[in-house]
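Residue numbers (our numbering), protein chains in the order written: chain A, 319 to 663; chain B, 319 to 663; chain C, 319 to 663; chain D, 319 to 663.
Treat the hints with care, as some may be off.
As the list claims (entries may be wrong) - Here are some chain C residues the structure puts well away from chain D; computed CB gaps all over 12 angstroms:
1. Gly438
2. Leu543
3. Ala545
Stated by the list, open to error - List of simulated lysine to aspartate or glutamate pairs, EDC-like, C-alpha gap at most 20 angstroms:
4. A:Lys325 to A:Asp364
5. A:Lys518 to A:Glu495
6. B:Lys325 to D:Glu579
7. B:Lys624 to B:Glu636
8. C:Lys329 to C:Asp364
9. A:Lys325 to C:Glu495
10. A:Lys595 to B:Glu379
11. A:Lys646 to D:Glu654
12. B:Lys345 to B:Glu331
13. B:Lys389 to A:Asp457
14. A:Lys518 to B:Glu434
15. C:Lys518 to D:Glu408
16. C:Lys514 to C:Glu495
17. B:Lys653 to B:Glu398
18. A:Lys624 to B:Glu487
19. D:Lys653 to D:Glu379
20. B:Lys518 to A:Asp489
21. A:Lys534 to A:Glu352
22. B:Lys624 to B:Glu654
23. C:Lys595 to D:Glu579
Simulated from the structure, these hints should not be mistaken for laboratory data.
Glycine is no exception: its CB is placed at the ideal position from the N, C-alpha and C atoms.
There are 4 protein chains.
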Amino acid sequence: MIISMRKNATKEEIEHVCERIREFGFKVHSIEGEERVVIGAVGVGDVTPCLEMLEATPGVESAVRISAPYKFVSREFKAERTRIAVNGVEIGGDEFVVMAGPCSVESAQQIMETAEAVAGAGAKILRGGAFKPRTSPYDFQGLELEGLQLLAQAREATGLAIVTEVLSERDVERVAEYANIIQVGARNMQNYALLKALGKCPRPVLLKRGMSSTIKELLMSAEYLTAHGNPNVMLCERGIRTFETATRNTCDLSAVAVLNELTHLPVIVDPSHATGKQSLVPAVSRAAVAIGADGLLVEVHPCPEKAFSDGPQSLNLEQFRSMMRDLKPYLRLWKETRVAAAATA
Amino acid sequence: MIISMRKNATKEEIEHVCERIREFGFKVHSIEGEERVVIGAVGVGDVTPCLEMLEATPGVESAVRISAPYKFVSREFKAERTRIAVNGVEIGGDEFVVMAGPCSVESAQQIMETAEAVAGAGAKILRGGAFKPRTSPYDFQGLELEGLQLLAQAREATGLAIVTEVLSERDVERVAEYANIIQVGARNMQNYALLKALGKCPRPVLLKRGMSSTIKELLMSAEYLTAHGNPNVMLCERGIRTFETATRNTCDLSAVAVLNELTHLPVIVDPSHATGKQSLVPAVSRAAVAIGADGLLVEVHPCPEKAFSDGPQSLNLEQFRSMMRDLKPYLRLWKETRVAAAATA
Amino acid sequence: MIISMRKNATKEEIEHVCERIREFGFKVHSIEGEERVVIGAVGVGDVTPCLEMLEATPGVESAVRISAPYKFVSREFKAERTRIAVNGVEIGGDEFVVMAGPCSVESAQQIMETAEAVAGAGAKILRGGAFKPRTSPYDFQGLELEGLQLLAQAREATGLAIVTEVLSERDVERVAEYANIIQVGARNMQNYALLKALGKCPRPVLLKRGMSSTIKELLMSAEYLTAHGNPNVMLCERGIRTFETATRNTCDLSAVAVLNELTHLPVIVDPSHATGKQSLVPAVSRAAVAIGADGLLVEVHPCPEKAFSDGPQSLNLEQFRSMMRDLKPYLRLWKETRVAAAATA
Amino acid sequence: MIISMRKNATKEEIEHVCERIREFGFKVHSIEGEERVVIGAVGVGDVTPCLEMLEATPGVESAVRISAPYKFVSREFKAERTRIAVNGVEIGGDEFVVMAGPCSVESAQQIMETAEAVAGAGAKILRGGAFKPRTSPYDFQGLELEGLQLLAQAREATGLAIVTEVLSERDVERVAEYANIIQVGARNMQNYALLKALGKCPRPVLLKRGMSSTIKELLMSAEYLTAHGNPNVMLCERGIRTFETATRNTCDLSAVAVLNELTHLPVIVDPSHATGKQSLVPAVSRAAVAIGADGLLVEVHPCPEKAFSDGPQSLNLEQFRSMMRDLKPYLRLWKETRVAAAATA
């Protein structure tokens with residue numbers, strides 16, 4: 319921590335600050351500048367409570383953290399990439415993984431038709447919502463248990479693993495029974511009760527970035543999962559909220575590159591929610607591959623205009639097949655880069 | 319709804335769109351412009367599913383909602399202000415209501431000392447967190463049940479009503495046993511499982527605006543509460559996330575004026591979280607009174623530099639007393655305006 | 319400056335950093351923590367070039383400035399408020415100053431009618447655009463010289479001082495001939511060529527905050543004006559761009575309180591651009607008075623629906639009169655506070 | 319335009335609105351819904367003044383534009399891509415164009431060394447600032463005329479074309495004498511005086527997106543240039559301002575895909591300003607190629623830690639060479655896609 323005292327801080331205030339820092343178990347070094355005193359505090363242990371104390375202490379102008387507030391999820395803690403094995407597929411490994419399917423599970427026919435099509439086109443994991451977080455209480459809220467059962471049937475028929483969202487702590491066990499990967503939606507990224515419950519759950523978690531969450535906050539929420547017992551976390555960039563309205567959200571693709579520097583966890587991109595517009599999904603998917611994501615989460619529906627939700631951003635089956643064809647040469651480059659990086663590491 | 323077709327939309331596409339709209343039960347009026355066809359759709363019933371369908375239908379450029387997506391919380395549904403009676407205090411009525419207290423309940427002594435001081439200075443409701451949503455899993459998470467019990471003791475001693483946050487559906491009943499008002503924090507504004515649980519709860523809810531939620535989304539979350547059975551909702555502006563870093567958040571004070579036009583629900587301002595800085599709290603509080611809020615939610619601590627959380631934005635007891643003194647002439651103007659408005663309504 | 323080295327920085331890298339800092343004329347203090355080395359650099363002189371150098375130097379994780387990058391505009395440089403005398407009115411002094419008038423000067427009749435009405439209601443300064451910055455090249459661009467002349471006639475008739483915008487360096491002299499205060503619009507806040515030209519101009523400047531400029535950047539632009547010779551600067555909060563769309567911009571009212579801590583320059587609030595909606599202007603104006611602004615800049619038009627620009631956010635003459643009446647008791651409180659503060663300072 | 323009347327609008331108000339619209343030369347179609355009247359207005363001509371009028375007219379709830387406010391720059395106006403020939407290079411054509419060089423021109427040696435290195439690595443255009451827009455008046459402001467002369471010498475020696483920024487209308491002619499492409503910086507995107515001056519200039523313009531400008535506003539500023547006579551405009555995405563602080567700005571890469579749908583103008587990506595961090599530049603550059611940009615604008619410096627400005631985000635010469643090598647297979651895919659698209663168009 320670096321504590322910058324106010325210009326007019328008294329000697330007593332400075333001494334008081336130093337004492338308080340020592341009470342927290344840190345060592346103190348103070349530097350007398352021309353204009354003000356700056357204090358460095360070093361040592362081991364969490365600095366957050368000490369920082370908060372300092373910012374509320376008379377004479378202090380600012381108190382800044384030097385080290386990152388997360389541990390288990392950082393590259394410094396673990397240099398090699400985390401690989402998460404799910405139903406014979408590995409996320410974070412040497413293959414780029416495409417997860418695809420409808421926003422909501424709507425019927426046996428819809429989910430089965432989609433599952434077969436996306437499997438045929440090269441997807442490895444089926445997405446589909448059984449519990450839907452909707453802005454309006456009057457909108458379709460999902461098929462719930464029936465939706466989970468339909469997903470399980472689709473898995474049986476196609477061999478695809480299943481990723482689906484959980485909205486409530488009460489449903490964690492039930493969803494874990496059916497799903498291979500449990501999704502935490504953007505609106506729940508800081509629902510700490512849910513994160514704690516998922517920390518104790520034996521399934522990997524796909525953690526979506528909140529629509530106005532910083533990269534650091536995303537990593538802190540991943541830290542909640544690991545600190546409570548679940549190290550199998552994949553992060554998902556799905557667009558952030560900005561002033562721009564031409565797209566539903568602003569896809570923060572460079573966050574993928576930032577995350578690859580800061581953490582060993584796999585990073586997935588959701589081009590459907592990020593753009594909100596079907597016509598933009600293939601271009602953003604290409605960019606996600608090129609920038610080094612570990613996978614995609616794409617909305618696909620047999621007939622987007624009849625979708626119960628998110629139709630405008632869903633590819634139809636033929637559009638998905640076409641996108642997967644076009645991605646092939648990019649995926650080849652992706653794999654070369656990934657294998658080369660592993661060899662030099 | 320107004321549907322604008324693409325310039326090059328075919329006759330078949332236009333006809334298809336009109337048919338689909340009629341299937342949803344709306345009447346269709348189409349307008350042929352020089353450049354494109356625009357279709358108006360009118361009728362009763364929720365337009366959301368129809369809008370989503372349209373945006374995914376070939377030939378459609380955009381589909382826009384005309385009416386608001388919320389009902390019960392709107393001024394059009396109910397013109398007179400909602401007044402919420404709590405323990406002899408009325409929120410939304412003819413008195414401006416100050417809620418004050420520490421971020422976290424830390425000890426019997428801390429909460430009792432604060433309660434007595436804020437009651438003495440004119441606060442009517444005591445705030446204090448027993449369950450704390452913290453960005454880091456390593457930070458203090460609250461005294462939980464013990465915190466609730468200490469709040470209840472403080473109420474008994476001072477007569478102040480209690481507002482405290484609930485983080486988990488599982489705790490709703492337990493918190494409702496102790497609290498007069500249940501707070502939903504900014505991070506949980508779109509935790510729909512929690513909102514549904516609180517819809518069935520007999521206690522009024524203080525719903526904080528998410529840090530990147532629009533005013534419309536805030537009203538939709540309030541609509542969840544009312545649609546699920548709980549009409550006693552007060553909204554809370556606590557700052558939104560923007561690019562500015564001089565303050566912890568950006569206090570969207572004009573949102574109070576906007577909400578007063580759109581809804582009959584009371585609006586509370588939290589100057590502590592909005593600014594993150596103790597020295598700014600009195601000025602923002604004055605502005606909140608002047609712009610027509612119904613109350614304040616202020617963080618107060620006997621010794622901010624020893625607070626377990628949010629010290630930098632907490633007033634100490636003397637600072638709170640001083641602020642309450644300075645607010646008095648503004649509160650007199652507030653009351654005159656409120657009573658005059660009620661007389662002409 | 320505080321420089322935090324990477325965990326794995328070598329001894330050579332640390333030594334190299336220390337040497338480079340000394341080359342810039344600063345003294346170096348280094349602190350060895352458990353995990354990394356932190357270096358403090360103190361001395362006089364601008365640290366910006368040194369900071370940029372450091373962030374590009376191997377082994378450095380981050381380099382942070384401790385002192386503010388502006389000088390002349392800071393409270394530390396000059397504690398007492400700047401008072402700007404214009405045509406018998408003082409901005410930043412013991413009277414709250416209302417500037418009002420149309421967005422654009424449109425005709426002799428329009429500006430004269432408005433000038434007389436706002437003067438009668440208590441405004442001291444007439445606003446009106448002769449050069450208009452418009453998003454579209456096809457929109458009305460202002461009456462230019464004729465507009466300036468009409469403003470001058472209105473001043474003669476009413477005694478009101480004139481504030482009007484300049485868009486181009488080439489027009490600075492011409493505008494200065496007619497205007498008492500020259501306005502720099504939000505889009506030009508970082509038009510440094512224009513700021514330099516205005517630095518040499520003998521007229522006070524009203525500097526509007528850019529729609530996505532931080533408070534610090536606003537102060538840096540004010541520093542351009544003062545550093546180039548013009549100390550008579552008033553700052554103007556006119557709303558910032560955020561994700562919220564219910565208002566045209568988000569009025570950052572707490573910026574007024576922040577600025578009152580950081581600078582001695584007067585601060586004006588423009589409730590018209592900040593909200594974009596006439597019905598919200600009186601409430602935001604009350605809040606601006608209460609939070610401690612020095613004045614208002616309000617759009618007023620005899621017939622807003624016929625205005626060439628900004629009709630939706632303009633008050634008509636009667637609405638302006640009514641607002642000024644309602645503000646009176648708030649202005650009385652404002653003056654009491656201001657005079658009391660001056661007495662204790 | 320679609321005008322939605324308030325629920326309680328009177329017959330007189332509706333009739334008044336229809337009349338006003340007809341005065342502006344549009345035809346009126348009104349639709350009576352269950353709850354309110356909606357009016358459609360069609361015709362040719364600019365709708366902006368009519369829209370502003372309507373929003374200020376009694377009884378109107380909202381007035382929405384259907385058609386885009388720009389013309390010359392739209393795909394609807396001109397379907398084929400604009401190709402801009404500069405010194406034997408074509409931007410917007412069948413080759414991806416890399417522009418590279420230092421933030422500021424600092425010395426003959428620096429610019430010559432950089433020019434030779436980037437030319438050797440495959441760049442076609444040399445960037446370098448002679449006039450620098452700096453947040454602080456105390457920072458290096460550029461070598462001005464001397465900088466322009468050094469750029470011209472570098473062009474002579476290497477054959478690279480030159481792109482450099484102009485800050486002031488007064489300098490347009492002087493800069494046009496030396497530069498092949500004139501850059502408008504992000505802070506000047508809405509400096510309309512400058513845009514008008516450049517509209518009459520015979521050089522192509524590289525127009526950078528303002529840091530908080532929407533895609534629509536960027537296109538409107540391009541429309542200023544074309545409407546005033548200069549059709550040779552390339553757009554540049556350089557990151558927008560958001561709440562995220564891990565990167566200097568947030569690179570809105572999907573804006574490239576959006577622009578490719580809306581306009582025929584070439585789109586350049588600046589990964590240096592977008593991220594502010596050298597280590598992220600290669601990944602973002604790959605993504606820019608994959609998403610379909612027409613070129614890159616990259617900061618390169620022989621010794622970033624000694625750069626007068628923007629060192630942290632500059633590649634050194636070896637890093638630039640390495641990035642260009644790694645981009646090769648992506649550029650091959652880019653070209654295949656571009657040629658195939660041209661063949662089917």
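The hints, checked one at a time:
At the 12 angstroms boundary, the C-beta of Gly438 (chain C) stays outside the reach of chain D, the nearest C-beta of that chain being 23 angstroms off. Annotated as non-interface, Leu543 (chain C) brings its C-beta within 12 angstroms of a C-beta of chain D; the closest such distance is 9 angstroms. Chain D draws Ala545 (chain C) into its interface by the beta-carbon criterion, the shortest separation being 4 angstroms against a cut-off of 12 angstroms. For the given pair, Lys325 (chain A) sits about 28 angstroms from Asp364 (chain A) by alpha-carbon distance, which is inconsistent with the 20 angstroms threshold.
Between Lys518 (chain A) and Glu495 (chain A) the alpha-carbon distance is near 14 angstroms, which keeps this suggested pair within the 20 angstroms criterion. A threshold of 20 angstroms between alpha carbons decides the hint, and for Lys325 (chain B) with Glu579 (chain D) the separation of about 14 angstroms falls inside it, so the pair holds. As the CA atoms of Lys624 (chain B) and Glu636 (chain B) are separated by approximately 16 angstroms, the hinted pair is consistent with the 20 angstroms bound. For the proposed pair Lys329 (chain C) and Asp364 (chain C), the alpha carbon gap of about 27 angstroms is over 20 angstroms, so the pair is violated.
Pair hint Lys325 (chain A) plus Glu495 (chain C) does not hold up; C-alpha atoms about 43 angstroms apart against a cutoff of 20 angstroms. For a cut-off of 20 angstroms, the pair hint linking Lys595 (chain A) to Glu379 (chain B) stands: about 11 angstroms separates their Cα positions. With a C-alpha separation of about 14 angstroms, the suggested pairing of Lys646 (chain A) with Glu654 (chain D) holds against the 20 angstroms cut-off. A hinted pair counts as satisfied when its Cα atoms are at most 20 angstroms apart, and Lys345 (chain B) with Glu331 (chain B) qualifies at roughly 17 angstroms.
At most 20 angstroms may separate the alpha-carbon atoms for a hinted pair to count; Lys389 (chain B) and Asp457 (chain A) meet this at roughly 14 angstroms. Distance restraint check for Lys518 (chain A) and Glu434 (chain B): the Cα-Cα separation of roughly 41 angstroms exceeds the 20 angstroms cut-off, and the hinted pair is therefore not satisfied. About 43 angstroms separates the Cα atoms of Lys518 (chain C) and Glu408 (chain D), which puts this hinted pair outside 20 angstroms; it is violated. With a CA separation close to 18 angstroms, the supplied pair Lys514 (chain C) and Glu495 (chain C) stays within the 20 angstroms bound.
For a cut-off of 20 angstroms, the pair hint linking Lys653 (chain B) to Glu398 (chain B) stands: about 17 angstroms separates their Cα positions. Restraint check for Lys624 (chain A) and Glu487 (chain B): the C-alpha separation of about 34 angstroms exceeds 20 angstroms, so the hint is violated. Between Lys653 (chain D) and Glu379 (chain D) the CA atoms are separated by roughly 50 angstroms; this puts the pair beyond 20 angstroms, and the hint is violated. This hinted pair checks out: Lys518 (chain B) and Asp489 (chain A) have alpha carbons roughly 19 angstroms apart, not beyond 20 angstroms.
A distance of roughly 34 angstroms separates the Cα atoms of Lys534 (chain A) and Glu352 (chain A); the hinted pair therefore is violated under the 20 angstroms criterion. Among the hinted pairs, Lys624 (chain B) with Glu654 (chain B) is inconsistent with the structure: their alpha-carbon atoms are about 40 angstroms apart, more than 20 angstroms. At roughly 33 angstroms between alpha-carbon atoms, Lys595 (chain C) and Glu579 (chain D) are farther apart than 20 angstroms, so this suggested pair is violated.
Violated hints, in rising order: 2, 3, 4, 8, 9, 14, 15, 18, 19, 21, 22, 23; the structure is consistent with all others.
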